[in-house]
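Student: With the sequences and hints as input, model every part of the structure.
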Amino acid sequence: MFPKRKKCASTSVVIELSLVLLPSTVNLWNSLIHSNISVLDEKLSFTEHVTAVQKKSQQRLHVLRKLRAFYVDPLLLLRLYRSIIEALLTYCSICYYPALSVKNRNRLMKISHVSAKIIGLPTPKLSEIIDHAILKKARAVATESDHPLSTFFHVLPSQRRYRCIKCKTCRYSRSFVPVAIRMLNAK
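Residues 667 to 853, numbered by our numbering, are exactly what the sequence shown covers, in order.
Hint data in this document are derived by calculation from the structure and do not stem from the laboratory. It is possible that part of the hints are untrue.
[As the list claims (entries may be wrong)] As a list, the in silico DSSO-like pairs of lysine-lysine whose alpha-carbon atoms are at most 30 Å apart:
id: 1; residue 1: Lys-732; residue 2: Lys-791
id: 2; residue 1: Lys-776; residue 2: Lys-721
id: 3; residue 1: Lys-732; residue 2: Lys-802
id: 4; residue 1: Lys-802; residue 2: Lys-791
id: 5; residue 1: Lys-783; residue 2: Lys-832
id: 6; residue 1: Lys-832; residue 2: Lys-853
id: 7; residue 1: Lys-783; residue 2: Lys-769
id: 8; residue 1: Lys-791; residue 2: Lys-721
id: 9; residue 1: Lys-853; residue 2: Lys-791
id: 10; residue 1: Lys-769; residue 2: Lys-722
id: 11; residue 1: Lys-769; residue 2: Lys-834
id: 12; residue 1: Lys-732; residue 2: Lys-721
id: 13; residue 1: Lys-802; residue 2: Lys-832
id: 14; residue 1: Lys-853; residue 2: Lys-803
id: 15; residue 1: Lys-776; residue 2: Lys-722
id: 16; residue 1: Lys-783; residue 2: Lys-721
id: 17; residue 1: Lys-721; residue 2: Lys-834
id: 18; residue 1: Lys-769; residue 2: Lys-791
id: 19; residue 1: Lys-769; residue 2: Lys-853
id: 20; residue 1: Lys-783; residue 2: Lys-722
id: 21; residue 1: Lys-776; residue 2: Lys-802
id: 22; residue 1: Lys-853; residue 2: Lys-834
id: 23; residue 1: Lys-803; residue 2: Lys-732
id: 24; residue 1: Lys-722; residue 2: Lys-732
id: 25; residue 1: Lys-721; residue 2: Lys-769
id: 26; residue 1: Lys-834; residue 2: Lys-732
id: 27; residue 1: Lys-769; residue 2: Lys-803
id: 28; residue 1: Lys-803; residue 2: Lys-832
id: 29; residue 1: Lys-834; residue 2: Lys-783
id: 30; residue 1: Lys-803; residue 2: Lys-834
id: 31; residue 1: Lys-853; residue 2: Lys-802
id: 32; residue 1: Lys-803; residue 2: Lys-791
id: 33; residue 1: Lys-802; residue 2: Lys-722
id: 34; residue 1: Lys-803; residue 2: Lys-776
id: 35; residue 1: Lys-832; residue 2: Lys-722
id: 36; residue 1: Lys-776; residue 2: Lys-791
id: 37; residue 1: Lys-776; residue 2: Lys-832
id: 38; residue 1: Lys-834; residue 2: Lys-722
id: 39; residue 1: Lys-802; residue 2: Lys-769
id: 40; residue 1: Lys-853; residue 2: Lys-721
Tutor: In structure tokens form, the structure reads like this:
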């Protein structure tokens, strides 16, 4: 592995690592991009994704502000919020929300609070919406035997609780399956 140096427009130097596997070269990047959304960065955190979601939601909050300036009914603004902003905030959130840091969770919650102030009506809490979605998905996975994740949902002999998975790392304990099992056992 040899670093290649590329000169940028500024004085900083970008180092791009590449690995040569015969007959082709494999490039190593700082982030994973899926469907034009930066999902993971080099530390396997979702900071870049939260930043992208925050930028998109700021653009959509502008629409709410303009409509409020035209004295549109608050119930209609709430419906618009739920369709264009809340949908953006909760898209694939069952996968990444439990693993978010407190700072990133607060960044997403702030968007919800700002939109509630713009609309003039209370908006549903983002954490409650995502917890409900995680529970719904966990119940669907646990009841469907064909699902690839159903092997992780073992019912204990009491038939009331699911067997908790041993998690050696904090990162794994904040992934979907352990969080879903804990939530199912708590309900």
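Student: If a hint holds in the structure, say so; if it does not, say that too.
Tutor: Each hint tested on the structure:
Distance hint between Lys-732 and Lys-791 is fulfilled; the C-alpha atoms sit about 24 Å from each other, no more than 30 Å. Taking the CA atoms of Lys-776 and Lys-721, the gap is near 13 Å; set against the 30 Å cutoff, the hint holds. Between Lys-732 and Lys-802 the CA atoms are separated by roughly 35 Å; this puts the pair beyond 30 Å, and the hint is violated. Taking the CA atoms of Lys-802 and Lys-791, the gap is near 17 Å; set against the 30 Å cutoff, the hint holds.
Our distance criterion of 30 Å between C-alpha atoms is broken by Lys-783 and Lys-832, whose separation comes to about 43 Å. Taking the CA atoms of Lys-832 and Lys-853, the gap is near 20 Å; set against the 30 Å cutoff, the hint holds. Restraint check: the Cα-Cα separation between Lys-783 and Lys-769 comes to about 21 Å, which is no more than 30 Å; the hinted pair holds. Only pairs whose Cα atoms come within 30 Å are accepted, and Lys-791 paired with Lys-721 is accepted, the gap being roughly 20 Å.
Taking the CA atoms of Lys-853 and Lys-791, the gap is about 19 Å. The hint holds against a cut of 30 Å. A distance of roughly 18 Å separates the Cα atoms of Lys-769 and Lys-722; the hinted pair therefore holds under the 30 Å criterion. Between Lys-769 and Lys-834 the alpha-carbon distance is near 24 Å, which keeps this suggested pair within the 30 Å criterion. Straight-line distance between C-alpha atoms of Lys-732 and Lys-721 comes to about 17 Å, which keeps the hinted pair within the 30 Å bound.
As the CA atoms of Lys-802 and Lys-832 are separated by approximately 23 Å, the hinted pair is consistent with the 30 Å bound. Simply put, Lys-853 and Lys-803 have alpha-carbon atoms about 14 Å apart, close enough for the 30 Å limit, and the pair holds. A hinted pair counts as satisfied when its Cα atoms are at most 30 Å apart, and Lys-776 with Lys-722 qualifies at roughly 14 Å. Annotation: proposed proximity of Lys-783 to Lys-721 holds, straight-line Cα distance about 18 Å (limit 30 Å).
Restraint check: the Cα-Cα separation between Lys-721 and Lys-834 comes to about 35 Å, which exceeds 30 Å; the hinted pair is violated. At most 30 Å may separate the alpha-carbon atoms for a hinted pair to count; Lys-769 and Lys-791 meet this at roughly 17 Å. Straight-line distance between C-alpha atoms of Lys-769 and Lys-853 comes to about 27 Å, which keeps the hinted pair within the 30 Å bound. This hinted pair checks out: Lys-783 and Lys-722 have alpha carbons roughly 18 Å apart, not beyond 30 Å.
The suggested pairing of Lys-776 with Lys-802 holds, with an alpha-carbon distance near 25 Å, which does not exceed 30 Å. The hinted pair formed by Lys-853 and Lys-834 meets the criterion: a straight-line CA distance of about 24 Å does not exceed 30 Å. A C-alpha spacing of about 36 Å is found between Lys-803 and Lys-732, which places the hinted pair above 30 Å, so the restraint is violated. A distance of roughly 16 Å separates the Cα atoms of Lys-722 and Lys-732; the hinted pair therefore holds under the 30 Å criterion.
For a cut-off of 30 Å, the pair hint linking Lys-721 to Lys-769 stands: about 16 Å separates their Cα positions. Between the alpha carbons of Lys-834 and Lys-732 the distance comes to roughly 49 Å, so the proposed pair goes past 30 Å and is violated. This hinted pair checks out: Lys-769 and Lys-803 have alpha carbons roughly 26 Å apart, not beyond 30 Å. With a C-alpha separation of about 21 Å, the suggested pair Lys-803 and Lys-832 falls inside the 30 Å cut-off, and the hint holds.
Annotation: proposed proximity of Lys-834 to Lys-783 is violated, straight-line Cα distance about 42 Å (limit 30 Å). The straight-line distance between the Cα atoms of Lys-803 and Lys-834 is roughly 24 Å, inside the 30 Å bound, and the hint therefore holds. Taken as a hint, the Lys-853 and Lys-802 pair is honoured in the structure, with Cα atoms around 12 Å apart against an allowance of 30 Å. A threshold of 30 Å between alpha carbons decides the hint, and for Lys-803 with Lys-791 the separation of about 19 Å falls inside it, so the pair holds.
Between the alpha carbons of Lys-802 and Lys-722 the distance comes to roughly 27 Å, so the proposed pair stays at or under 30 Å and holds. Among the hinted pairs, Lys-803 with Lys-776 is consistent with the structure: their alpha-carbon atoms are about 26 Å apart, no more than 30 Å. In summary, the hint linking Lys-832 to Lys-722 is not supported, as the alpha carbons are separated by about 37 Å, beyond the 30 Å threshold. With a CA separation close to 11 Å, the supplied pair Lys-776 and Lys-791 stays within the 30 Å bound.
Straight-line distance between C-alpha atoms of Lys-776 and Lys-832 comes to about 34 Å, which puts the hinted pair past the 30 Å bound. Between Lys-834 and Lys-722 the CA atoms are separated by roughly 36 Å; this puts the pair beyond 30 Å, and the hint is violated. At most 30 Å may separate the alpha-carbon atoms for a hinted pair to count; Lys-802 and Lys-769 meet this at roughly 26 Å. In summary, the hint linking Lys-853 to Lys-721 is not supported, as the alpha carbons are separated by about 35 Å, beyond the 30 Å threshold.
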